[in-house]
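2 protein chains.
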Amino acid sequence: MKIALAQIDAHIGNFEGNVERMLRAVEEAKTQGADIVVFPELSTCGYPPRDFLDFDDFVHLAEDAVQRMARAAQGIAIVIGSPTRNPVPEGKDLFNSAYFLAEGQVRFVQHKALLPTYDVFDEYRYFEPATEFKILEYKGKRIAVTICEDIWNIGNENPLYTVCPLDELAPLRPDLIINLSASPFNYAHSHGRIHVAKANVLRYGIPMFYVNQVGAQTELIFDGGSLVVAPGGEVFDELPYFEECVRTYDFDEVMQGGGRGEQAKEKYRLIHDALLLGLRDYFGKLGLKQAVVGLSGGIDSAVTAALAARALGPENVRGVLMPSPFSSGHSVEDARRLAENLGIRYDIVPIAGVYESYLQTLEPHFEGKPFDLTEENLQARIRGMILMAFSNKFGPIVLNTSNKSEAAVGYGTLYGDMCGGLSVIGDVYKTEVYALAEYINKDGEVIPRNSIVKPPSAELRPDQKDSDSLPEYDILDRILYQYIECLQSPQDLIAMGFEETLVRRVLRLVNINEFKRYQTPPILRVSGKAFGMGRRMPIVGKYLA
Amino acid sequence: MKIALAQIDAHIGNFEGNVERMLRAVEEAKTQGADIVVFPELSTCGYPPRDFLDFDDFVHLAEDAVQRMARAAQGIAIVIGSPTRNPVPEGKDLFNSAYFLAEGQVRFVQHKALLPTYDVFDEYRYFEPATEFKILEYKGKRIAVTICEDIWNIGNENPLYTVCPLDELAPLRPDLIINLSASPFNYAHSHGRIHVAKANVLRYGIPMFYVNQVGAQTELIFDGGSLVVAPGGEVFDELPYFEECVRTYDFDEVMQGGGRGEQAKEKYRLIHDALLLGLRDYFGKLGLKQAVVGLSGGIDSAVTAALAARALGPENVRGVLMPSPFSSGHSVEDARRLAENLGIRYDIVPIAGVYESYLQTLEPHFEGKPFDLTEENLQARIRGMILMAFSNKFGPIVLNTSNKSEAAVGYGTLYGDMCGGLSVIGDVYKTEVYALAEYINKDGEVIPRNSIVKPPSAELRPDQKDSDSLPEYDILDRILYQYIECLQSPQDLIAMGFEETLVRRVLRLVNINEFKRYQTPPILRVSGKAFGMGRRMPIVGKYLA
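Chains as they are written, first to last, in my numbering: chain A, 112 to 656; chain B, 112 to 656.
Hints were generated in silico from the structure; no laboratory data involved.
Since the structure is predicted, the reported quantities are computational estimates derived from the model, not experimental observations.
Worth double-checking, as some hints may not be accurate.
[Claimed, not checked] Here are the simulated distance ranges between beta carbons:
#, chain 1, residue 1, chain 2, residue 2, range
1, B, T242, A, L283, 27 to 33 Å
2, B, P270, A, Q602, 43 to 49 Å
3, B, Q602, A, Y249, 36 to 42 Å
4, B, D167, A, E138, 48 to 54 Å
[Claimed, not checked] Okay, derived cross-link-like pairs now, DSS-like style, lysine-lysine, Cα gap no bigger than 27 Å in a straight line:
#, chain 1, residue 1, chain 2, residue 2
5, B, K309, A, K203
6, A, K576, B, K504
7, B, K400, A, K480
8, B, K480, A, K504
9, A, K627, B, K400
10, B, K627, A, K400
11, A, K309, B, K203
12, B, K627, B, K640
13, B, K504, A, K627
14, B, K504, A, K480
15, A, K640, B, K480
16, B, K640, A, K203
[What the hints assert, rightly or not] Far from chain B by the CB rule (all over 10 Å, computed), these chain A residues:
#, residue
17, Q185
18, R236
19, P342
20, T485
21, Q575
22, I586
23, A606
The beta carbon of each residue, even a glycine, is placed where N, CA and C say it ideally should be.
Build the full structure now, drawing on both the sequences and the hints.
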């Protein structure tokens, strides 16, 4: 038997597009001689559909898509993911299901049992867990059909769950495991995924065919990397990351082991490629082409613009340089050099005139108060407004250039540098931004060396440096990582050797700036704990604040 | 036995403050002669603590608070809500529990069984459901202790759940039911809550003592309205809405029925009072005092400013009038009159100078393109920036003035009129804003009559009216309500008699403007389906878009 893995980029709610995409993959799988082609989790409606699932009409459209796909299951069997209505009144209204389609019909349905409800996942908000587990029989093979998280409770050792679907299925003597996944990327996750796939295979002694969604859904980036694991536990093949792919495997060959093995995984290459896909899909799925970025001469805007130029093409990216009276001479030079390196169009729009007109307009109301954060924020907001004006006049989307360190401690201006349609590096700490810049420069200068080596500054008052108001980033980022990703307490951090006053100050900054993060654009997620849908904090909370 | 209901305003994560607040209420209950005093759900840490619960340190602080309260349980028993660690590795790490404290110790713990995971609720993200149900015995009475949602599956008829805690407890022959709740307000919810309390009492034939949290936690407003229901099903007493209260009842008197009965409930009075509490608590819990509102002369800013003046005191509210070249003469007059009616300070800051300087600065880059949305948005954003400058210079928080109809269809400018720290009327449809204005004016003109009767306009181009680009609000709002609150499909709406083209246009506008709503301030929730944490939509989704 030949099994095709079809790692596709489903688009949430785009039933028409998703069916067309799946039908093309079915044709490709047929060309490759496949007997069965397997798609990712919820491939009819895209993952995660979120509260669209509350609309009866949306579920109805998914049901229609299943029927259209069933009609196409001629000469090949198809496994797709789609929501199913729960016929029993008790429990949630839907199941998250895998559909086996053959000879023009739905022949088998298996629901998902383990429903992740943590971090970015909300599955128990919508779905009832499966309690029944059946084996699919097809062409003489007995297939255990599982969905994503279903394989993440190996031997019931994951404390989150009390059921292990494959332990239920094992006594029914399956020959192979199929898994339909929508497993979002973070830079450490592919290791975990391979570990889990192997551990399952070794436990049951049968091969696994694991298909992951690829593509970005706003902030969530799905990386593909679908897997075939041979019964001895070795990775027989791993599909590419960050691109669609249909590839067919002969079951008997997989049983013999060997194969291509794993791909190399390097943190900054993964983050780089993930962000390109995140950018491409945000624009592509919204039907947009062009981006505009404010170029300060600093590293954050340089990395953002470089990623945008690679993702969208330099002809679709426009830079705007907006020097103020406090900008240093080299800032404009560094930004100009970046734009030239990237081959993107740029405009220089000095903000002094507008800044002066605000000062004049506000002077009668400011009661002689001295220059303070107000005037710094004015400059940042004028820049935000100019970018939005370019966006309104010519159509490009403003890319936000904030990094994770800034977003964490609130070192940014709401409606100023925190504006934009999408945050590109908002899940990348400042020290990681430097490493990403070096990665971008690995084949020659793209990001000007001076933008990398000069001390970071917002340049909103004379001779300002980030280190005037923040600790050095190498210390700050380590504290932030321990608090945000590892959920450590102040006591834990102090025990690690960080200075108590600094720890309390940083954690307080994180917590009192929740109000700012509430209004930032969606952030492309590349870490295990990103700001946004996976981290839900009360604004008026008083903890460590 | 005398039972005190202590409806308090717990502050999320403010363990020190919450313990002090509870200790004061314990003293008050003692003064009233109570044998037992009951607090709301999760009263140690406040509800909803959200992802703070992922921090071991946060849970530890809640445990400390329980111990402090236990030590205070001398001469009176205390029932509080707090998270409990799950000792079993399987399942979620925590329970949502009620603690019975007496004679200085924890004497009884009951966990919550029904964990709402829909709309604004995420309880299954954190908590494991109870599977054990015990009766609390105290002073000769057998007490069934339940937590919020536990009483919302009467006779197992709620399709969301498969367990009915009181059906489990009934065979153990309880004499009364206690319920610790944190049930957020919406203008229709108090009816439902009373209905549920009554239905439980009638089913089991024993009285219920129901304690609800009061106070706002950012967007969620908890209304109090705690209840005592006599065994015949009549409301013996209902505590006040929107304020703290400790009130003690004699069990034997409640058994005889009678009492004060329900309070009157009027939609706009409830919304009005809820918004005042939402404002007060947002400011109070963040340690803030002052607000600033842009006054356009229109009804939205007028209602927002009037609510702010009532909530915070006119001395703490500042209006800013920002006429542009397109403002009509009556706008400034209407806004000035409002400020005078409210007794708030106001400044007039014409935006023509700044607007001109933007046009001049951008002219070389705009390639001779004509006046369009860009220039409209510029005006709105200049106003937003001026308000933020007042905020930065003097400290007041900018109140957002967008209504729910605008937020729904994206009729607003990001970083312009959509800015602010808190959205006051963002869950109030435009037609409801008019009704709220009339309610505010019930004892005499507060909001100038002209702001109510003139046709709504953004005044961003000559002779502009909202109805140039939107359907009339009475039709628009009915479509929006059916789609947003009632989850109806286009087909359903057409079947109701709405015109198909209009239906498709409005639903598309709602869905394509998710990106704008993503970046708006938190919205005080007064309806059954508000934008924000209770409505989670993919930005790149294609459904109806």
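Outcome of the hint check:
1. B:T242 - A:L283: 27 to 33 Å: Between T242 (chain B) and L283 (chain A), where Cβ atoms are some 29 Å apart, the hint holds.
2. B:P270 - A:Q602: 43 to 49 Å: 45 Å, holds
3. B:Q602 - A:Y249: 36 to 42 Å: 37 Å, holds
4. B:D167 - A:E138: 48 to 54 Å: 52 Å, holds
5. B:K309 - A:K203: 26 Å, holds
6. A:K576 - B:K504: 22 Å, holds
7. B:K400 - A:K480: 20 Å, holds
8. B:K480 - A:K504: 8 Å, holds
9. A:K627 - B:K400: 19 Å, holds
10. B:K627 - A:K400: 19 Å, holds
11. A:K309 - B:K203: At roughly 26 Å apart (the allowed maximum being 27 Å), K203 (chain B) and K309 (chain A) satisfy the hint.
12. B:K627 - B:K640: Cα-Cα ~18 Å, so holds.
13. B:K504 - A:K627: Holds, at roughly 18 Å.
14. B:K504 - A:K480: Answer holds: K504 (chain B) to K480 (chain A) is near 8 Å, not above 27 Å.
15. A:K640 - B:K480: 44 Å, violated
16. B:K640 - A:K203: 19 Å, holds
17. Q185: The assertion about Q185 (chain A) holds, with a minimum of 28 Å to chain B.
18. R236: At about 5 Å from chain B, R236 (chain A) fails to clear the 10 Å cut-off, so the statement is violated.
19. P342: Its Cβ never comes within 10 Å of chain B, the nearest being 29 Å, so this holds.
20. T485: T485 (chain A) not clear of chain B: closest Cβ-Cβ about 4 Å, inside 10 Å.
21. Q575: 16 Å, holds
22. I586: Given that every Cβ of chain B is farther than 10 Å from that of I586 (chain A), nearest at about 21 Å, it holds.
23. A606: 12 Å, holds
Of the numbered hints stated above, those contradicted by the structure are hints 15, 18 and 20, listed in ascending order.
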